[in-house]
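Taken in sequence, the protein lines are chains A and B.
All residue numbers for the first sequence refer to the working numbering, where the first residue is 1 and numbers rise by one.
All residue numbers for the second sequence refer to the working numbering, where the first residue is 1001 and numbers rise by one.
Don't read these hints as lab results, they were simulated from the structure.
Check each hint, because a few of them may be wrong.
Computed list of lysine-lysine pairs in DSS-like fashion (alpha-carbon distance at most 30 Å, straight line) [unchecked claim]:
| # | chain 1 | residue 1 | chain 2 | residue 2 |
| --- | --- | --- | --- | --- |
| 1 | A | Lys115 | B | Lys1256 |
| 2 | A | Lys115 | B | Lys1059 |
| 3 | B | Lys1192 | B | Lys1180 |
| 4 | B | Lys1256 | A | Lys13 |
| 5 | B | Lys1192 | A | Lys181 |
| 6 | A | Lys72 | B | Lys1192 |
Some residues of chain A that are not near chain B, with every Cβ distance over 12 Å (derived) [as the list claims (entries may be wrong)]:
| # | residue |
| --- | --- |
| 7 | Ala81 |
| 8 | Ile182 |
| 9 | Glu235 |
Nothing here was measured: the structure is a model prediction, and the numbers come from that model.
Beta carbons are placed, not taken as given, at the ideal position from N, Cα and C, and that holds for glycine.
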Amino acid sequence: MLAVESLTKTFGKSAAVAGLTVSIPRGQFVGVIGRSGAGKSTFLRMLNRLAEPSAGRIVWDGVDVTALSGVKLRDWRRRCAMIFQQFNLIGRLDVLDNVLMGRLTHTPLWRSAAKMWSREDRAIALAALDQMDIAQLATQRADQLSGGQQQRVAICRALVQEPEIVLADEPVASLDPRNSKIVMDALLRINRSFGLTVLCNLHSLDLARTYCDRLVGMAAGRLVFDGAPEALTDEVARELYGLEAGEVMDAGHAPVPAAAALPAVA
Amino acid sequence: MTQTLAVPPDHQIDPLLRAYAQSVAARRRTIAFGAVLLLAAVALSWIGAEIDLATFWTKLGNFTSYFDRLLQLDTGARVWTDPVYWFWGLRRWSLQLLQTVLIAYVGTATGATLGVIGGVLTSRNLVRSAALRFLVLRVLEFCRTVPDIVFALIFVVAFGIGALPGVLAIALHTTGTLGKLFGEVIENIDMKPVEGVAGTGGSWLAQVRFGVMPQVLSNIASYTLLRFEINVRGAAVIGIVGAGGIGQELIVAIRKFYYSDVSAILLMLLVCVMLLDAGSERLRHRLLAMETGR
Ligand SMILES: Nc1ncnc2c1ncn2[C@@H]1O[C@H](COP(=O)(O)OP(=O)(O)O)[C@@H](O)[C@H]1O
Ligand SMILES: [Mg+2]
């Protein structure tokens, strides 16, 4: 179980995350929602310690993650994989090498630095790529792939870390609807088939409602909603998103212009 | 033709035109003022450095006559009438030229390696300790500011005449110059891949190896090649103080007034540098092409 206790992050005077307390049982698919600037990214980045908390604690199965450093911190990051909005791949390396970054903590540096990956590591990486249907891209340079392909490579990198939690910071915000679905399906699959806890920042409420077991709503760094997707009424959502509401809400909910009002495509 | 832009009446447009003319005039005045200052500074430094044009004119003759003698064999004939005699030391000079190139090569390679380490350690985005960055920056600055010939003089005293002081001198100076350049290249990289590697649990060294190096390698190679060209010339010059290579031979020839030897050695050096420049330029273009596509 992941227990977050009064987690706070301040930048100068303003708090990006202010006393957030939430606990997440293993195997849940949690969507973190809220308007931009609400502190979602900062929250996720603190969980795997890419950002240092200013106060509060993060506890995973009784271990205080916030106190870890050195090798233990790196092992925590290995167990708590991160997927980024901009994929954060190494553009000049090929896809397999990128996936193998997930094996860094399993490999001594003198081997990895020379790219002397073990047969086992390469097999694991290829298996992950195969699972995402992109094994044929293994030798391509990462910066030559489409966004959807890159994000799938990033998911493979996360998978070969053999993580217990997967954090995803707006994983589909740079993707078109078709690729968004592929990536979200992939996250759902690893959640369901491997029982991994998934925490996913989502801008689109529609996606959040479709995929998540539970939604956590943030506003100005605070927890303002915590419950099942069904419990999130349009009213609450409108409050959560403010001016951005129209943009994130399900297209089905939006008024559809009558056919007669549309100009005829003669 | 239809008028798409109506010009407003004079009383409206005049203030705008005037304001524009004024602002342009102000800028022109600033430039003119700067030019005057520059000229004054040049004149002052001319006087300060005691540069005397008269000396230049009266001694110009010596200069041209020296060139005249450079092109004369000790038989009195023009050098090109007997190339075999002119280049009597071809074998020996070629070996020394090769030594100069090797000194530059080893020095550049060593300096570039240390420069990468220095560049990484001075990059704000990779090293959090301001103290460490400050320290390494000052060391690089020192290496850069001291000319390689001064290093060479010191090392010749310390290690004796030969190639070793030359290599050390070039390596140190190159560490300084390349370290600064590499540091700037590294500070401008895209940090997303670095964060990607950090996120998997990669150590700091792994982040540098995989997040940073692939992005900067072609730039590093290109700057290093450029530095190698410069260092070949540098290695020839520092030979003059006894740091090995062709420079050592050149200074002997100059001191002993072996005029045709001087011109032969200079010519060989010139051709060698030109060949290396052309070669490394092509390599650098190839590297840049690799950068954009694959
Ligand atoms: N590195 C940073 N330095 C200063 N302020 C930051 C930094 N990162 C985030 N912030 C601020 O913290 C707040 C929360 O940002 P963020 O976590 O990115 O929100 P979200 O992901 O929900 O859009 C924003 O007001 C943002 O400006
Ligand atoms: Mg964000």
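Hints, one by one, checked against the model:
| no. | hint | result |
| --- | --- | --- |
| 1 | A/Lys115 x B/Lys1256 | 57 Å, violated |
| 2 | A/Lys115 x B/Lys1059 | 64 Å, violated |
| 3 | B/Lys1192 x B/Lys1180 | 23 Å, holds |
| 4 | B/Lys1256 x A/Lys13 | 75 Å, violated |
| 5 | B/Lys1192 x A/Lys181 | 24 Å, holds |
| 6 | A/Lys72 x B/Lys1192 | 23 Å, holds |
| 7 | Ala81 | 7 Å, violated |
| 8 | Ile182 | 20 Å, holds |
| 9 | Glu235 | 37 Å, holds |
Checked against the numbered hints given earlier, the structure breaks hints 1, 2, 4 and 7 and satisfies all the rest.
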